[in-house]
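J.: Chain residues, written in single-letter form:
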Amino acid sequence: NAGVTQTPKFRILKIGQSMTLQCAQDMNHNYMYWYRQDPGMGLKLIYYSVGAGITDKGEVPNGYNVSRSTTEDFPLRLELAAPSQTSVYFCASSPTSQNSYEQYFGPGTRLTVT
Amino acid sequence: KQEVTQIPAALSVPEGENLVLNCSFTDSAIYNLQWFRQDPGKGLTSLLLIQSSQREQTSGRLNASLDKSSGRSTLYIAASQPGDSATYLCAVENAGNMLTFGGGTRLMVKP
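These protein sequence lines map, in sequence, to chains A and B. So the first sequence is residues 8 to 121, counted in the working numbering. So the second sequence is residues 1247 to 1357, counted in the working numbering.
It is worth saying that the hints were derived from the structure and are not from the lab. Heads up, the beta-carbon is just placed ideally off N, CA and C, and yes, glycines get one too. Possibly wrong hints are sitting among the right ones.
Pairwise CB distance ranges, derived in the manner of DEER restraints [claimed, not checked]:
{"id": "1", "chain 1": "A", "residue 1": "D80", "chain 2": "B", "residue 2": "E1261", "range": "41 to 47 Å"}
{"id": "2", "chain 1": "B", "residue 1": "G1262", "chain 2": "A", "residue 2": "T27", "range": "44 to 50 Å"}
{"id": "3", "chain 1": "B", "residue 1": "N1340", "chain 2": "A", "residue 2": "D80", "range": "24 to 30 Å"}
{"id": "4", "chain 1": "A", "residue 1": "S74", "chain 2": "B", "residue 2": "P1260", "range": "47 to 53 Å"}
{"id": "5", "chain 1": "A", "residue 1": "V67", "chain 2": "B", "residue 2": "P1260", "range": "27 to 33 Å"}
{"id": "6", "chain 1": "B", "residue 1": "V1266", "chain 2": "A", "residue 2": "I61", "range": "22 to 28 Å"}
{"id": "7", "chain 1": "B", "residue 1": "P1260", "chain 2": "A", "residue 2": "K21", "range": "35 to 41 Å"}
{"id": "8", "chain 1": "A", "residue 1": "V67", "chain 2": "B", "residue 2": "V1266", "range": "28 to 34 Å"}
Only pairs whose alpha carbons sit at most 27 Å apart, straight line, appear in this in silico BS3-like list of lysine-lysine [said to hold, decoys possible]:
{"id": "9", "chain 1": "A", "residue 1": "K64", "chain 2": "A", "residue 2": "K51"}
{"id": "10", "chain 1": "A", "residue 1": "K16", "chain 2": "A", "residue 2": "K51"}
{"id": "11", "chain 1": "B", "residue 1": "K1247", "chain 2": "A", "residue 2": "K51"}
{"id": "12", "chain 1": "A", "residue 1": "K64", "chain 2": "A", "residue 2": "K21"}
{"id": "13", "chain 1": "A", "residue 1": "K16", "chain 2": "A", "residue 2": "K64"}
{"id": "14", "chain 1": "A", "residue 1": "K21", "chain 2": "A", "residue 2": "K51"}
{"id": "15", "chain 1": "B", "residue 1": "K1314", "chain 2": "B", "residue 2": "K1247"}
{"id": "16", "chain 1": "B", "residue 1": "K1288", "chain 2": "A", "residue 2": "K16"}
{"id": "17", "chain 1": "A", "residue 1": "K51", "chain 2": "B", "residue 2": "K1288"}
{"id": "18", "chain 1": "B", "residue 1": "K1288", "chain 2": "B", "residue 2": "K1356"}
{"id": "19", "chain 1": "A", "residue 1": "K64", "chain 2": "B", "residue 2": "K1356"}
{"id": "20", "chain 1": "B", "residue 1": "K1314", "chain 2": "A", "residue 2": "K51"}
{"id": "21", "chain 1": "B", "residue 1": "K1288", "chain 2": "A", "residue 2": "K64"}
{"id": "22", "chain 1": "B", "residue 1": "K1288", "chain 2": "A", "residue 2": "K21"}
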């Protein structure tokens, strides 16, 4: 049981390049999330998904796209990288529950755009 | 819009001290509040989750309280150890399964 995995761990992009951050979970969780964390700050929600085929915007979605074709995978796409997207990106998942539930986080991807 | 504030931003204490970390939020209509630990360069580890109907949760040397009406939560760490050094984040869940995070408290416990 690997939990939430993210690849790559580090990446440097040039302005205008594109890339996909990968996220996978093996806990059969329906809910998945993408956050970004800027230095010295808390996390901000980019996009989330409540199940395969369903995605929705969070607080800071501009410049990003997501897809959810399977329960396990939730990739985050950056189409035209900008310096403002330099950040640490965290993926998280949580189970479906009528009660409150914990979110389980991946180790993060550190992205630098220069 | 929910806003979450954590005070202090940084804290340094000698080993063995009991300490309190504070978290406040502006919208009291929350489903739950969660405390996380983050080690440098690592992801987040959930420490405690308090549902909106609860007043506190305990795990080992950690105790978290929630006062929803006043928009406050505290994380109490008893008999602090150098291994407790990390950043502690609180987050509240409002409607839509979304967490709003505070900026965190960086804790250093000196031997």
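J.: If a hint holds in the structure, say so; if it does not, say that too.
T.: Hints, verified against the model:
1. D80/A - E1261/B: 41 to 47 Å: Roughly 43 Å apart at Cβ, these two residues keep to the hinted range, so it holds.
2. G1262/B - T27/A: 44 to 50 Å: About 47 Å separates the Cβ atoms of G1262/B and T27/A, which means 44 to 50 Å holds.
3. N1340/B - D80/A: 24 to 30 Å: holds (27 Å)
4. S74/A - P1260/B: 47 to 53 Å: holds (50 Å)
5. V67/A - P1260/B: 27 to 33 Å: violated (39 Å)
6. V1266/B - I61/A: 22 to 28 Å: violated (40 Å)
7. P1260/B - K21/A: 35 to 41 Å: violated (47 Å)
8. V67/A - V1266/B: 28 to 34 Å: holds (31 Å)
9. K64/A - K51/A: With Cα atoms ~11 Å apart, K64/A and K51/A stay inside 27 Å; holds.
10. K16/A - K51/A: holds (19 Å)
11. K1247/B - K51/A: holds (13 Å)
12. K64/A - K21/A: holds (25 Å)
13. K16/A - K64/A: Measuring from Cα to Cα gives roughly 24 Å; hence the hint holds.
14. K21/A - K51/A: Status holds; Cα separation ~23 Å.
15. K1314/B - K1247/B: Holds, at about 16 Å.
16. K1288/B - K16/A: holds (10 Å)
17. K51/A - K1288/B: holds (16 Å)
18. K1288/B - K1356/B: holds (21 Å)
19. K64/A - K1356/B: violated (42 Å)
20. K1314/B - K51/A: Holds, at roughly 22 Å.
21. K1288/B - K64/A: holds (25 Å)
22. K1288/B - K21/A: holds (25 Å)
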